[in-house]
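Each chain is listed here by its residues.
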Amino acid sequence: MADYIKFPFSYRSGVSEGQARFDEFERLLFHNWNTALANPTLWFVMIDSIPRGLRYMDSSNIINKEGPNQYDQLANNQENIFTMMTNRIGCMIVHGVDLPMIQVDAGRAKTTMGGYYGGLVANEIEEQNTLQLEIRETQSSVTDFLIRPWIELVAKNGFVARPAGDDRYCKCRITIVQLGVAGPGTDPIKRKIWQFYDAAPSSVANNRLAHDGTWSANDQFINTSWVYSHYKMTDVRFENVSEVYKAHVEYGGIRPQTGQRTSGRIGSSDGPVGDIVVV
Amino acid sequence: MADITDYDIEHFYDNLIVREVARKHQFRVTSISTGFGQDVPEGINDLENKLLVESTTLPSRNVTNVPLNFHGIKFNLPGNAEYTGSDAWNVTFRLDQQLNIRRIFEDWTTAIFDDRTTAGSIVRSNDAYLVISLFDQMGGSHDQYVLWGVYPTEVGALDYDVGTDGDYVTCQVTLAYHYWSRQGTNAFNNRAIVVDPAEGGGVQNSATTFGGSANAETGL
Chain G
806 MADYIKFPFS YRSGVSEGQA RFDEFERLLF HNWNTALANP TLWFVMIDSI
856 PRGLRYMDSS NIINKEGPNQ YDQLANNQEN IFTMMTNRIG CMIVHGVDLP
906 MIQVDAGRAK TTMGGYYGGL VANEIEEQNT LQLEIRETQS SVTDFLIRPW
956 IELVAKNGFV ARPAGDDRYC KCRITIVQLG VAGPGTDPIK RKIWQFYDAA
1006 PSSVANNRLA HDGTWSANDQ FINTSWVYSH YKMTDVRFEN VSEVYKAHVE
1056 YGGIRPQTGQ RTSGRIGSSD GPVGDIVVV
Chain W
103 MADITDYDIE HFYDNLIVRE VARKHQFRVT SISTGFGQDV PEGINDLENK
153 LLVESTTLPS RNVTNVPLNF HGIKFNLPGN AEYTGSDAWN VTFRLDQQLN
203 IRRIFEDWTT AIFDDRTTAG SIVRSNDAYL VISLFDQMGG SHDQYVLWGV
253 YPTEVGALDY DVGTDGDYVT CQVTLAYHYW SRQGTNAFNN RAIVVDPAEG
303 GGVQNSATTF GGSANAETGL
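Chains as they are written, first to last, in the working numbering: chain G, 806 to 1084; chain W, 103 to 322.
Because the hints were derived from the structure by calculation, they are not lab data.
Note that the structure is predicted; figures quoted are calculated from it, not measured.
Built from N, CA and C at the ideal position, the CB exists for glycine as well.
Fair warning: there could be bad hints in the mix.
Claimed, not checked - Simulated pairs of lysine to any residue, SDA-like, Cα-Cα distance not exceeding 25 angstroms:
no.: 1; chain 1: G; residue 1: Lys1051; chain 2: W; residue 2: Asn182
no.: 2; chain 1: G; residue 1: Lys995; chain 2: W; residue 2: Glu184
no.: 3; chain 1: W; residue 1: Lys176; chain 2: G; residue 2: Pro845
no.: 4; chain 1: G; residue 1: Lys1051; chain 2: W; residue 2: Asn167
no.: 5; chain 1: G; residue 1: Lys997; chain 2: W; residue 2: Asn167
no.: 6; chain 1: G; residue 1: Lys1051; chain 2: W; residue 2: Asn178
no.: 7; chain 1: G; residue 1: Lys1051; chain 2: W; residue 2: Phe177
no.: 8; chain 1: W; residue 1: Lys176; chain 2: G; residue 2: Ala843
no.: 9; chain 1: G; residue 1: Lys1051; chain 2: W; residue 2: Ile175
no.: 10; chain 1: G; residue 1: Lys961; chain 2: G; residue 2: Ser1008
no.: 11; chain 1: W; residue 1: Lys176; chain 2: G; residue 2: Asn844
Said to hold, decoys possible - Some chain G residues well away from chain W (every beta-carbon gap over 10 angstroms; in silico):
no.: 12; residue: Arg832
no.: 13; residue: Asp910
no.: 14; residue: Asn934
no.: 15; residue: Arg953
no.: 16; residue: Asp1024
no.: 17; residue: Tyr1036
Here chain W stands alone, though its shape is the one from the complex:
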């Protein structure tokens, strides 16, 4: 039986001290891999570019609802899983003055399909992924969300205006992915990423349970 005193202000503060609250700035995009290898497009995973990420969303997952009627009552049954918004996940970049990050995404879309030459790739393997790392107050990474099979669907328009007071320019990039998975504290996942090519690179299948510590470079 629930006791109201368990929910008093003292317990509330104790709980906050132990568990803290998530802050909106405690995220970074820590790894981007196009699946095309290191050079296409060049620099996509460079720290200088990942530092320019301004905002994004942690993607959602939902289970479709299947209504089942009986005597007019609508019972709700679980259907299949969906990764809502997996066809249009947005991330906003602050643009460096020479638009390096935008050019990289433009090159990435061209690598996927070049209308002038009909060159391109339809392969969306798990070597294409993006990692969002979440951090706690101590700077430790507690969760990594991996978007698998990622590719850009839109490199957004830029707003220029001579009447502004030095506002910086941002660029929204829309990406699509197959699905996401979570790695981190107490999380189980059967795919592990080894980003460093010297360690094998790409995706490895395993039944590893990841700990809470993060690699400084990859966030994994």
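Chain G with its partners taken away, still in its complex shape:
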């Protein structure tokens, strides 16, 4: 027992503990899909619907009728924006997303005894933060012709439970899909899906216009805040990705089908050695 305390377990087993730790790091980070480092740039956003109350942004719209602000947009331009926002392959004008934090109010109790620290106590969970969507300012402005009147619609109608077909319904579902690569020639896998329910915009950030200097794309990203009732997270739905990924890493000869490849030139070696199939 004394030896076991003094030395690593390899002292008796003959297996280097340091080597085992090194190998395990490599296995997990490089050979196992589920524990490999994720690529933070592979994601997209989907918005399931736009409130009916925002349609027909002319004098017939309730927001324009009641004022005081007025929004005047041609139907075709609005259709462009609506279609783009609700595209099922992703809303392409969302540049960035700040996912909400979560925390519980926990710490030591103030009550102490004899100078010792107080015991640990946990209070309620902190209110969930808002979802932030950074939206690209485009020629036909989404932030000014969709998000701004949407916020006014929220102010007028509130979040009273109403059916989705009601003209006063002003909520939507926002889905954020995070992707993970699985192998060459293979579509990325949906590794994590966030779904924010009953979401609605609550603010549009300031946007400064100026005549000086050059501009970059960063100047055209406008932050918007969205509230929501709750979210659901879904893990990857494939159970065998790790085996495919591991085979790809360990047997580099596995390549996509010839028709999917972007390289390769010399005669007989062009054929795929093996197939990568994610089911």
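Here the structure of chain G is known, so what remains is to put chain W in place on it, guided by the hints.
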């Protein structure tokens, strides 16, 4: 197991006979399209202008490296793809005496943004492209590199000097593009260019595998 005799001088020469080596002059810029249509600027894709290309580089592509440390060791993981230099790809032209090629590029930059009238275009579609064709010793085109979404960022200054002995004037043009793709032998690409407007023009999406033969006009 590798055998050193596989790497002897005989194999080396046999290999050269079969595969040859690439020569620095075996390239041409074979197609330029501004995306504005045939007339803006006029003559950009004329053979007389493309013949004036003196030198350029085949653009690079790299995968960013993501260091990941463990016990002080830096493991290197692949990140995202980057088209290094896609914001500043240089091509040097020999100038004809009346500077026609330079004027075309000047007009192209003005078509993109005219400071006097605030006219211009921000559309950088795949109808704007430049094709670099590479040729073998037999004059056959074996690869075409297509720079997509191309536009000029700088039309370079010209050096004039009365003290020189008749040196010709060159002009460096800097172009930006989104990314490039390769077409040619055994290469797969999902975009095909049909340059001739009579054949539809512009870019077509397809899953065509291109052969090694090249169209004499377009190089594709």
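Holds or violated: are the alpha carbons of Lys1051/G and Asn182/W at most 25 angstroms from each other?
Distance of about 20 angstroms is within 25 angstroms: holds.
For the pair supplied as a hint, Lys1051/G and Phe177/W, confirm whether the alpha-carbon distance does not exceed 25 angstroms.
18 angstroms, holds
Would the hint linking Lys1051/G and Ile175/W be met if the CA-CA limit is 25 angstroms?
Holds, because 22 angstroms separates the two Cα atoms, which is no more than 25 angstroms.
Holds or violated: Lys961/G to Ser1008/G, with C-alpha atoms at most 25 angstroms apart
It holds: about 15 angstroms lies between the C-alpha atoms, which stays within 25 angstroms.
Could you grab the alpha-carbon distance between Lys176/W and Pro845/G and see if it respects the 25 angstroms cut-off?
20 angstroms, holds
Would you assess whether Arg832/G, listed as outside the interface, keeps its beta-carbon beyond 10 angstroms of every beta-carbon in chain W?
Answer for Arg832/G: holds, closest chain W Cβ roughly 12 angstroms.
Please verify whether Lys176/W and Asn844/G have alpha carbons no more than 25 angstroms apart.
18 angstroms, holds
Would the hint linking Lys1051/G and Asn167/W be met if the CA-CA limit is 25 angstroms?
21 angstroms, holds
25 angstroms Cα cutoff - pair Lys995/G, Glu184/W
Measuring from Cα to Cα gives roughly 23 angstroms; hence the hint holds.
Taking the closest pair, is the beta carbon of Asn934/G still more than 10 angstroms from chain W?
28 angstroms, holds
For Arg953/G, which was marked as not at the interface, is the minimum beta-carbon distance to chain W over 10 angstroms?
For Arg953/G, whose nearest Cβ neighbour in chain W is about 24 angstroms away, the distance exceeds 10 angstroms, so it holds.
When you look at the beta carbon of Asp910/G, is every beta carbon of chain W farther off than 10 angstroms?
Answer for Asp910/G: holds, closest chain W Cβ roughly 34 angstroms.
Violated hints for the displayed structure: none, as all numbered hints are satisfied.
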